[in-house]
Amino acid sequence: MERMIEMALQTQPDSGQLAVAATSKRFVRFRKYLPLTLMVIPGLLYLMINNYLPMAGLVIAFKEINFAKGILASDWVGWKNFEYLFATSDAYIITRNTILYNAAWIVLGTMLAIFLAIMLNEVKQKLFARFYQSVIVLPHLISIVIVAYLVYAALSLETGFINKSILPLFGMDDIMFYFEPKYWPFILTAVHLWKGLGFSVVVYFAAIIGIDEEYYEAARLDGATKWQQIRGITLPLISPVIIMLTLLAVGRIFYSDFGLFYQVPMNSGPLYETTNVIDTYVYRGLLGLGDIGMSAAAGFYQSIVGFILVLTANFIVRKIDRDNALF
Amino acid sequence: MNRKKWLSSLVMLLTLALMLAACSGGGSNGQSGNSSGGQSGNADQTTGSSSSGEKEDTYHAVMAIPMFQAEPKDFQMVEDEINRIMKEKINATVDIMPIPIGNWMQQMNLMLSSGEKLDLLFTSSSMGYSSQAATGKLAPLNDLLAGPGKVIVENVGEKYINATKIAGESYGVPTIRDLAANYEYVMRKDLVDKHNIDLTSIRTFDDIERVLEIIKTNEPDIVPIAPGGAGNSGMLVGYNAWDSLGDGFGVLMDPDSLVVSNLYESEEYREIVTRMHDWYKKGYILRDAATNQIAANQLVKAGKVFSYLGNGKPGFAEQESRAAGMELVTVEIRGPFAATTNVTGLMWSIAQQSENKEKAMEILSLFYSDKEIIDLINWGIEGVHYVKIGDNMIDFAEGLDASTTGYMPNWDWLTGNAYLTYVFKGGDPEVWEKTKVFNESAKASKALGFTFNADPVKTEYTAVTNVVNQYKVGLESGTLDPEKTLPEFIQKLKAAGIDKIIEEKQRQLDEWAQQNNVK
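If you read the protein sequences in the order shown, they are chains V and Z. My numbering puts the first sequence at residues 1 to 327. My numbering puts the second sequence at residues 1 to 519.
Each hint should be verified, as a subset may be incorrect.
[Stated by the list, open to error] Capping the alpha-carbon separation at 25 Å, the derived lysine to any residue pairs in SDA-like fashion look like this: (1) Z/K301 <-> Z/G102; (2) Z/K434 <-> Z/M393; (3) Z/K492 <-> V/F86; (4) Z/K301 <-> V/E158; (5) Z/K492 <-> Z/E504; (6) V/K182 <-> Z/P487; (7) Z/K500 <-> Z/S131; (8) Z/K484 <-> V/D174; (9) V/K124 <-> V/I211; (10) V/K80 <-> Z/L110; (11) Z/K357 <-> Z/G168; (12) Z/K357 <-> V/A73; (13) Z/K371 <-> Z/F424; (14) Z/K281 <-> V/F179; (15) Z/K281 <-> V/M172; (16) Z/K304 <-> Z/I202; (17) Z/K357 <-> V/F67; (18) V/K80 <-> Z/P456; (19) V/K69 <-> V/M55.
[Said to hold, decoys possible] Computed from the model, here is a short list of chain Z residues facing chain V with C-beta under 7 Å: (20) G136; (21) T459; (22) N469.
For the record, the hints were derived by calculation from the structure and aren't laboratory data. Virtual Cβ for every residue (Gly too), placed ideally from N, Cα, C.
Model the full structure from these sequences, guided by the hints.
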């Protein structure tokens, strides 16, 4: 953005030119970019309606909503709606879980996705490449409720595949998966990667395909190995995409995939130590109260923290490499 | 620089356009809202179903009702018939909107907070009645019940209407049905007969334990017992020795007193969950009990489980036998008990956004007093969906059965006044007489009519809700060892602030008792 403005500044006519000429020139430029400007409108409208207008609703987080009075006439309560997020002994657990899971998944997910995208790129037969790609993306399209029951079919005590078929093979006892919190960081990570990977693989794959084949040809002529080609060409050239996706993920580090943390562990109480995250805590706590002020407060808190984290991450990226920063 | 100006003016233009669009949208909404009260609104005419285009000021109401199965295919036909009669009687029509129970909470939250057209809705203490009332989503009913809703008060009974009151104001009317609940033990009859189990000897948990032992040793392929509720529920669902005062956070251990205390710290609770854990270790309880998502009667139907415990009422054995597809017998472990939640568990309310609350109340009154309307919504059209086979008994119309009938929503307990409706074949013809006796014989909690308002302790309430979610089902299904877990549970409850909730509840209860002369 800033760079665009700088460029615009540079192309400004020098002082001394006639104002009339400037206007007509501006008009010409306007005519030239008009189609592009018009094309932006639907997107802008969408952003306005979906992302900016609802921001007015943030006042709800500071109000004691009464529907008979209406939102604006309801009483102000200051920070009272935020208290419950911090007043609990579980505040530490839910914050820790949310951040650690997300941080681990950003690292693991990025590495695995890049790895798979590079592998896909090496599959030279089009048909196979398409096939693998579809297989990887498929889980992304499955509803989380169905995923939860797939997991249940594997882990259930009475009928689960692991307890009924695999463990007896090794002469091992049943494992009560739904009562043992210690297994869940691994189960959730596996499910999350299996389900979510496809999408980022496609993005990275597209970035890799976009790289000019000539780079590789030149490298091969110089006798570069596959590994050297990946390190020297592929990774640096897709690093803007990596940084962008990572920055976006960092912004959502305080949110958690509600379906994954609520549905997949079957809402089993004994697992809360490793499965309770901010979103599930808020959901469970407010299900009975139905207080929209408090849920708005939770959302507000999450987006503020996310906003600060994105700014910080972007700031750090800027310090290291100015060209790759988002803004 | 100039480019920037262009950009900003463009943005301004867009914003203006948006604001205009938003304003005009709001304006037209407001108009259609107002018009229906006074002159005939176009919107009303077009939304009216079959009956549109007749009289000018027929009020057209929207009624949201939860659906516990697939929507019957003749639903529209029945609705048209109801509207024909309703239009003649009170010059109103109603659009009955069935919503699957799985989506109910979400959909209702949306409808009530968005102000979408809605007049009548089903409410329940377990679905946030008190918070809906506290946040002004439901219309206050005291005046309406004194006016057009008088017949409802007469039929339901003053005592039960009073039980719905929050700070002196009623926001819902209970449906007429069993307004108390006992605690019953349900068993498969074939196995009871096979092992000569004497039903009259079963009175306590000790007796049940003996039965479980017989089944465990003689029927190795079947699980002796499962929790009565489906989906994350323990064995104590419906256990009524104490009054849970709605949520179980602070209860009356002795329903004859007005002392609020912590259930989870009580000796009784410790004894019961210790027994449950013992049963679990002995293999009596379904091993998946804490995460099981299948209803107990369906587990019995699948031949997996022998028995379960749960809330009962007159006709319960017949109802469960129908659901399980085999004959079941029940034994009463604890007699009928009436607490506020038994009354407020199923209610009808008027939405705050209703444009004509008087008319909505008139419509509701028909569901509580007009046999024709009640029979229609419960059983469909006579001759098409059902035929009379006795004074008060009906059966499927010729050539139809449970799978081919076009209308069998199974909600006679939900639609208003069950006493006035027919009994379906297979049911006990005297079930409603028995229900009256059941209601009258029920032991009433001293706090019957008290509803807790959690608003002053919201922060603690969310924390305690989470802690209870974490431990309750595990303990009550016997899965967790109370020796180790119960002290941890109690300690976390204290940290979450349960004592503050109990204190507040006691304060509100004392205040309520004083206002209502309960001593």
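Now for the hints, and whether the structure bears them out:
Our distance criterion of 25 Å between C-alpha atoms is met by Z/K301 and Z/G102, whose separation comes to about 22 Å. A threshold of 25 Å between alpha carbons decides the hint, and for Z/K434 with Z/M393 the separation of about 16 Å falls inside it, so the pair holds. Pair hint Z/K492 plus V/F86 holds up; C-alpha atoms about 15 Å apart against a cutoff of 25 Å. A distance of roughly 17 Å separates the Cα atoms of Z/K301 and V/E158; the hinted pair therefore holds under the 25 Å criterion.
With a CA separation close to 19 Å, the supplied pair Z/K492 and Z/E504 stays within the 25 Å bound. The straight-line distance between the Cα atoms of V/K182 and Z/P487 is roughly 21 Å, inside the 25 Å bound, and the hint therefore holds. Between Z/K500 and Z/S131 the CA atoms are separated by roughly 19 Å; this keeps the pair inside 25 Å, and the hint holds. Distance restraint check for Z/K484 and V/D174: the Cα-Cα separation of roughly 21 Å lies within the 25 Å cut-off, and the hinted pair is therefore satisfied.
Proposed proximity of V/K124 and V/I211 is supported: the alpha carbons are some 16 Å apart, at most 25 Å. Note on V/K80 and Z/L110: the hinted pairing holds, with a Cα-Cα distance of about 24 Å set against a maximum of 25 Å. For the hint linking Z/K357 to Z/G168, the alpha-carbon distance of about 19 Å falls within 25 Å, and the restraint holds. Distance restraint check for Z/K357 and V/A73: the Cα-Cα separation of roughly 23 Å lies within the 25 Å cut-off, and the hinted pair is therefore satisfied.
Taking the CA atoms of Z/K371 and Z/F424, the gap is about 15 Å. The hint holds against a cut of 25 Å. At roughly 15 Å between alpha-carbon atoms, Z/K281 and V/F179 fall within 25 Å of each other, so this suggested pair holds. For the suggested pair Z/K281 and V/M172, the alpha carbons sit about 19 Å apart, so the restraint of at most 25 Å is met. Between Z/K304 and Z/I202, the direct Cα distance comes to roughly 22 Å. Compliance with the 25 Å bound is thereby established for this hinted pair.
For a cut-off of 25 Å, the pair hint linking Z/K357 to V/F67 stands: about 16 Å separates their Cα positions. The hinted pair formed by V/K80 and Z/P456 meets the criterion: a straight-line CA distance of about 11 Å does not exceed 25 Å. For the given pair, V/K69 sits about 21 Å from V/M55 by alpha-carbon distance, which is consistent with the 25 Å threshold. Given hint, Z/G136 at the interface with chain V, holds; its Cβ is 3 Å from that chain's nearest Cβ, closer than 7 Å.
For Z/T459, the shortest C-beta to C-beta distance to chain V is roughly 4 Å, which falls under 7 Å, so the interface hint holds. With a least beta-carbon distance of about 5 Å to chain V, the hint placing Z/N469 at the interface is held under the 7 Å criterion.
Hint compliance for this structure: every hint is met.
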